[in-house]
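Trainee: So the chains spell out like this:
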Amino acid sequence: MNIQNVTHLVHAYKIAPWRVNRQLVGTALLAVVALAMVATLYLDVTSQAAIAGREIQDLTASITINQQVSGDLQTQLATLTSASVMKQRALELGFRPMESGQAEYLVVAGYSVIEPEILSSVPLPQLSALSIPPEYNESLLDWVDERISSSSRGMQ
Amino acid sequence: MRQQYARRTQALTFAMGLAALAIIVQMTRIQNSVEAATFRQQASNYAYELRTFYPERGEIYDRNGHLLAGNKSVFEIGVDLKNAKDPEAIAAAVSVELGVDYAQVLDVIQNPPEGLSYVVVADYVEAQKAIHLQELKKKVQEHAPEGMLGELTGLEFKSHPQRSYPENSLASNIIGFLNRQGLGYFGIEEKYDTLLAGNPVQVLIPTDPNKAFEIPRVPDGTTLVLTINRDLQAAAEQILDEALVTYEAQSGTIVVMDPRNGELLAMAVTPRMDLNQFWNYDVIYHNATEYNPAVSMPYEPGSVVKILTMAAALDSGAVVPNTTYLDTGSILVGGATIQNWNQEPWGVQDMIGCLQHSLNVCMATLSTQMGAGTFYSYMNNFGLGHLTGVDLAGESAGRLKIPGDSDWYPVDLGTNAFGQGVSATPIQIMMAASSIANKGRIVTPHALYAMVRDGRQYDVPAQFAGTPISEQTAQTLSEMLAISLESEGSLALVPGYRVAGKTGTAQIPVDGFYDNTQTNASFIGWGPVDAPQFMIYVWLERPVTSIWGSETAAPVFAQIAEQTVILLDIPPDNIRQQLVAK
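Top line first, the protein sequences correspond to chains L and B. At the far end of the first sequence sits residue 156, using the numbering used here, and the numbering has no gaps. At the far end of the second sequence sits residue 738, using the numbering used here, and the numbering has no gaps.
Honestly, the hints are just simulated from the structure, not real lab data. Source: prediction; values computed, not measured. Hints are supplied without guarantee of correctness; some may be wrong.
Said to hold, decoys possible - Far from chain L, by Cβ distances over 12 Å, these chain B residues were calculated: (1) Asn239; (2) Val275; (3) Arg319; (4) Thr426; (5) Gly560; (6) Val567.
To be verified - Restraint-style ranges between C-beta atoms, simulated for each label pair: (7) L:Thr81 with B:Gly645: 37 to 43 Å; (8) L:Ser151 with B:Pro617: 41 to 47 Å; (9) B:Ala199 with L:Met37: 26 to 32 Å; (10) L:Leu140 with B:Arg196: 19 to 25 Å.
All residues carry an ideal CB built from backbone N, CA and C; glycine is no exception.
Work out the full structure, taking the sequences as your base and the hints as a guide.
Mentor: Written as structure tokens, this is what we have:
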């Protein structure tokens, strides 16, 4: 086989129609794969954001329910320790109301009368004080848009 | 041949391209059409849902942290008509568990109002009963044949908060109540309704499940701490109830206040209402003034007003404690004869005797001696005829006629001096008398000790409403009143404690004439005299066993005063003075 024949074969291979088609198909497939990857990423991020959002809603709902339960228990406790119930319990236990002449008063050094300070002044955590970061509720497109906007602002 | 295929292919490609182009054009046209804008608008209407977040109503505590009004969860039980498969089973379960009428429930489910897909069969169901019913539904579902949902499918449960009053009827007149529409009525619930309710927040919530939304900040309603001492309130109510039985009185009121700062420590009235059954209001009360007579029901207080007349006379310099006068048993004022309570002359009396024997003639003498201008100026400064500003709903200002009013007559100058022809509420008399117990300064009575919001407590400062008399006058009059009680051996005296006070027996006008057999018996007193820490007002309406305040209201004062010194840890005078000396 001489050189001329080899060159001819290589040329024939290069210009073969099936080879050109495969390149086109390959390019198209590459584009499809890229799109699929982007779509998959998009779906993954948005689904994660949705799940996280729902989890937050569930947790806040749980907090609300717990607060309701706490309120119920507090009310039950107050009912169980109401003035009439406590008096009845005291009488059943053999106690009797004290009369003014029976009280004895002592000087206790350092003792001060208890003031009716029933609640602390420490701020309580608030159910509604949650702040959801944007990562949890923005879509991939929102994120890209934000990036572009921030970079264009940076360039200006 | 090959060329022919190529042409066909080109034609097909062109046709398909044309079709694709037509589709794109049509899509673009639709997207930008007028109808599209309408649809987009409609879609945007459903994209967000306006939801209102209601804050939890603030709680109400007594001064020692006992819960007086809180919140609890109750359930609305309804039926989803689309999913309800067995109305008979649902009606049976609901009627058995909740005690409601089976036929009624079945009728509601089978014949719902047109257009409804959900009907309520019971509301405000206690959590325990609702949970029991929920468990029953769950069990029925578990035992249902495979692929079936169970007979109780469609039964729905929705929890919501309800006001709860753990002390039931205790201090019902002070607390008031919240109705099912969320409106506060009477007392603290009405006066501070806006504060307790908090501010609802409206938020647009995206309906797209992929969009998480931020829970809005909804601060709870303000929690209130009252000046009321729960145990003293309970004691006052018990003593009052017993007094009504003992003296066969129609109704009564006992108010305990700290005269130094106006804090109301107890306010017992009759009748009272179980606040957890506020729907009985119409059964218990005939009109709104009966709910809390201490602030809402003016009456002719009678001789308790004499302490104000004497205060005015002393402060204006008209008399001193030793000033004497000859009591002839009657005096002519404005053309009318005023007599003493026993229609008898009492001879020569000084001002202490005047108070001790509660002489109407003496008081009419003092008021006429001062003159209408001075007398009514003092009464006005004491607050008679004005609202006290107490922070309880439904306060009444009473009535003090003054010269110039169309219904004022000269005789009123005499009768007003001993508490007839003038109307006032117990809280008004207490406010006026607080000047005598508090070195001449009037305190504004109040029931709110502190507010708690966002975890921070804001104390309510005492408020003063003027100084109608001097400190000297106040101390002198307190001493005179204490001596007058001790001299007569009053039933109001409290062993170990020196108290000052005055009885009142006012005839009740019936059909325009005073009825000698029907009286309002009252007593106002405070102690310890040298450093007052409590002021007590007792009012018994129409006592039968005795019409006199000295025989009915005075001993009730002693009873409640004894409980007060125990519950407020006030040692007897001699021990307290020893402790102070140390």
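Trainee: Against this structure, judge whether each hint is valid.
Mentor: We went through each hint and held it up to the structure:
{"no.": "1", "hint": "Asn239", "in the structure": "holds, 23 Å"}
{"no.": "2", "hint": "Val275", "in the structure": "holds, 25 Å"}
{"no.": "3", "hint": "Arg319", "in the structure": "violated, 10 Å"}
{"no.": "4", "hint": "Thr426", "in the structure": "holds, 16 Å"}
{"no.": "5", "hint": "Gly560", "in the structure": "holds, 46 Å"}
{"no.": "6", "hint": "Val567", "in the structure": "holds, 45 Å"}
{"no.": "7", "hint": "L:Thr81 with B:Gly645: 37 to 43 Å", "in the structure": "holds, 42 Å"}
{"no.": "8", "hint": "L:Ser151 with B:Pro617: 41 to 47 Å", "in the structure": "violated, 57 Å"}
{"no.": "9", "hint": "B:Ala199 with L:Met37: 26 to 32 Å", "in the structure": "holds, 31 Å"}
{"no.": "10", "hint": "L:Leu140 with B:Arg196: 19 to 25 Å", "in the structure": "holds, 23 Å"}
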